[in-house]
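Number of protein chains: 4
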Amino acid sequence: MRLRILITGGTFDKEYNELTGALFFRNSHVPEMLRLGRCRLEVDIETVTMIDSLEMTDDDRARIVERCRRSPEASLVITHGTDTMVETARAIAGAGLAGKTIVLTGAMIPYAFGSSDGLFNLGSALSFAQVLPSGVYIAMNGMHFRWDACRKNRESGHFEMPTE
Amino acid sequence: MRLRILITGGTFDKEYNELTGALFFRNSHVPEMLRLGRCRLEVDIETVTMIDSLEMTDDDRARIVERCRRSPEASLVITHGTDTMVETARAIAGAGLAGKTIVLTGAMIPYAFGSSDGLFNLGSALSFAQVLPSGVYIAMNGMHFRWDACRKNRESGHFEMPTE
Amino acid sequence: MRLRILITGGTFDKEYNELTGALFFRNSHVPEMLRLGRCRLEVDIETVTMIDSLEMTDDDRARIVERCRRSPEASLVITHGTDTMVETARAIAGAGLAGKTIVLTGAMIPYAFGSSDGLFNLGSALSFAQVLPSGVYIAMNGMHFRWDACRKNRESGHFEMPTE
Amino acid sequence: MRLRILITGGTFDKEYNELTGALFFRNSHVPEMLRLGRCRLEVDIETVTMIDSLEMTDDDRARIVERCRRSPEASLVITHGTDTMVETARAIAGAGLAGKTIVLTGAMIPYAFGSSDGLFNLGSALSFAQVLPSGVYIAMNGMHFRWDACRKNRESGHFEMPTE
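Protein chains in written order, with numbering that gives the first Met the number 0: chain A, 0 to 163; chain B, 0 to 163; chain C, 0 to 163; chain D, 0 to 163.
Take the hints with a grain of salt, since some may be wrong.
To be verified - Just the calculated beta-carbon pair ranges, DEER-fashion:
no. : chain 1 : residue 1 : chain 2 : residue 2 : range
1   : D       : 148       : B       : 18        : 21 to 31 Å
2   : D       : 71        : B       : 50        : 51 to 61 Å
3   : B       : 155       : A       : 161       : 42 to 52 Å
4   : B       : 18        : C       : 49        : 55 to 65 Å
5   : D       : 45        : B       : 155       : 28 to 38 Å
6   : D       : 148       : B       : 65        : 50 to 60 Å
7   : A       : 68        : D       : 44        : 52 to 62 Å
Hint data in this document are derived by calculation from the structure and do not stem from the laboratory. Note that the Cβ used here is the ideal one computed from N, Cα and C, for glycine as well.
All chains should be modelled from the sequences, with the hints used to inform the complete structure.
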C-alpha cells in the first residue's frame, strides 16, 4: 500500500537555533522519523509549506487542498501545527475529495527536543490512514476524530469532541 | 473507546544493568510511553510476563490467550518480543476469540536506548486495534499483517508477507 | 571536596511550553544532570535567578557576586546564559574574591532538547573548578579561559581568545 | 593545547545489535560526543582496542602503554571499561612515563542508550587532563583519583578511595 505524506511545518519540525536562541524551521524530520520507526510502507513525502500553523493563510490551505486532489495515492497523512489543524481539515473536507482518506497529525513538542509525542503520532496517523474509510480525520493523542467532530482544547492542549 | 494492553516483555522493555553490563527486565516502559505520546485513550494495562520472547513457553502463551479471552475490552494490543511474535499470534488465533481485535507489536531497539522504534510501533498498534475488524494481527514497520500472512525476516529484522 | 553551584538560568535550563510554543524557565535541570553524570561530589546547589542572560541586570550581577562572596565553598560553578557570560565573569572578578575558584559555564542547546552540550560542559566546569588556582574562569567547548582572555564569537557561537 | 584520546572500548561504546539482541562494539562514539559537546580542543583520536575491559589482556595493556609513550601530546584521555580501569591505570603508571598527564574515564551506561553518564565523564576527563600535574588518574563521577588511591566499588558502581 502506497501513502503520501504532505509536510506543512508545525511544532513537529521546529528546531532550536543555537546562535539566536529562537525556534525555526529547517528541514523536516519526517524522513528520519520513518527510518527510526523502521517504516516499510511505500511513502512519498512532499513538503508544501514549512510554517507555524498560526501563520497559515487561505492560500496555503488552497495549496494543501490542491496537493491532496492531485495525489495519486488514496491515503494521505498531513503533518501540521496543532493550532489551526481543524481549520485546514475543514478546508480539505470542503473540497469534496471523494475516495481519499486524509489524516492530519502534529506534535505538542518538537521532534528534535527529545521528549516529543511526534513519533507516536506519526505511527498512529499512518496506521489510521491505511484502514479508515475515505474522509478527513485528525489523529492526535492516540485517537482519531472526524474533522467536524473535533476541536483543540487550548487549556489542556488535547484534542477532543466538541461536547467534552 | 476502551482498550487493553497486555505486556509480555520483549526488546520493548529491555534495560541495561549498569552493575553487570547485561540486559534485563524491570518495569514496563509502556505507561511512560503513553504519557510521552499524550495518549488519551482509556487503556487498561496488564503485565502477563516480562521475558524475552525466545524464552516464551506454551504455558506462557496459554496465559496470554486466557487474558485475551477474559478481557472485557474488545480491542487489545500485546507488546511482545519479535522473535516469536508470529507464534504467539497463531496461538491466540487458534483460540477462536470471536469479536476481538488483537494486535501484537514490539520493537527492534529497547525503548530505554534512545533510538527505539517502540514509540512509533505503539502508536501504530493502538490505532490499528481501534479500527481493524476482529481478528489477530501483527503491527510492525508501520504496516499490519494478519497473523497467518506474516513472518519475521531474520536477515533484515523486518516483518513481511511470506511471499516477499 | 565540596563545591557550590549557582544557577542563573540561560539556555541550559530553557524548556518548551507546549501550550504556547514559547521557550521558558521552570526548574533547573542541574540536579537531574548531576544524577545522570553519577556525580559523587558534595555539591550545594543554589538558584540565584532563572533568566535569559540578555535580561541580566547589574542588580542580578550584584546578587551573584554576593552569593560567591558568602559561599563557604572555595570552588564554585555558575551556570549562565552565554550571551553575557563574560560580563558577569568581569563583575565577579572586579569584586576581588581572594582564594576562590569560580567557573562559569553554559550551553548552546537547552539540556531538555536532547542534543545539548550542557552535560559535557557541566562535567568540564566541575572538573576545572576543582583543580584550577583561584580566579574567575569560563569553561566552554572543552576549554577554559581566564575571564579577561575570552569572548563569545557571535558568528560561530564559540568562545575564544580575543586574538583569534 | 593539544590532547590525545585513546579509545579502548568499554561500556562507553557498546551498541545494541537489533538482529541478535546482543551488545556489541562497532565504531567509537567519541567523535560524535566531541561534536555534541562543541569541543574545540585540538584532539587526536586513536583506537587501540574495542573490547569489554573484562577481556583486556596484558598484551592489550602493553599496547596502551606503548601508545601513551609514543604520544607527542603530554595530555591524554583514555576511554576504558570500568571493570579493569584501575588495573590498566596501574600498568601505565608502572611504565614511568614522566611528564605526561594521563586520565582514564568510562561510563556506566552506553552512550548510545540515551541516559548515559558518558558525555559528563568525557567533559570531565578532558578538563582534568589539561590542568592536573603529570601522573596517571581516573576521572569518574565528577571526581579524579590518583591511580593508586582508587577502586571501583562493585556494589554501587562508584569509584572511591580504598578507605571509604
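The hints, checked one at a time:
| no. | hint | verdict |
| --- | --- | --- |
| 1 | D/148 with B/18: 21 to 31 Å | holds, 23 Å |
| 2 | D/71 with B/50: 51 to 61 Å | holds, 53 Å |
| 3 | B/155 with A/161: 42 to 52 Å | holds, 45 Å |
| 4 | B/18 with C/49: 55 to 65 Å | violated, 36 Å |
| 5 | D/45 with B/155: 28 to 38 Å | holds, 35 Å |
| 6 | D/148 with B/65: 50 to 60 Å | holds, 59 Å |
| 7 | A/68 with D/44: 52 to 62 Å | holds, 54 Å |
Checked against the numbered hints given earlier, the structure breaks only hint 4 and satisfies all the rest.
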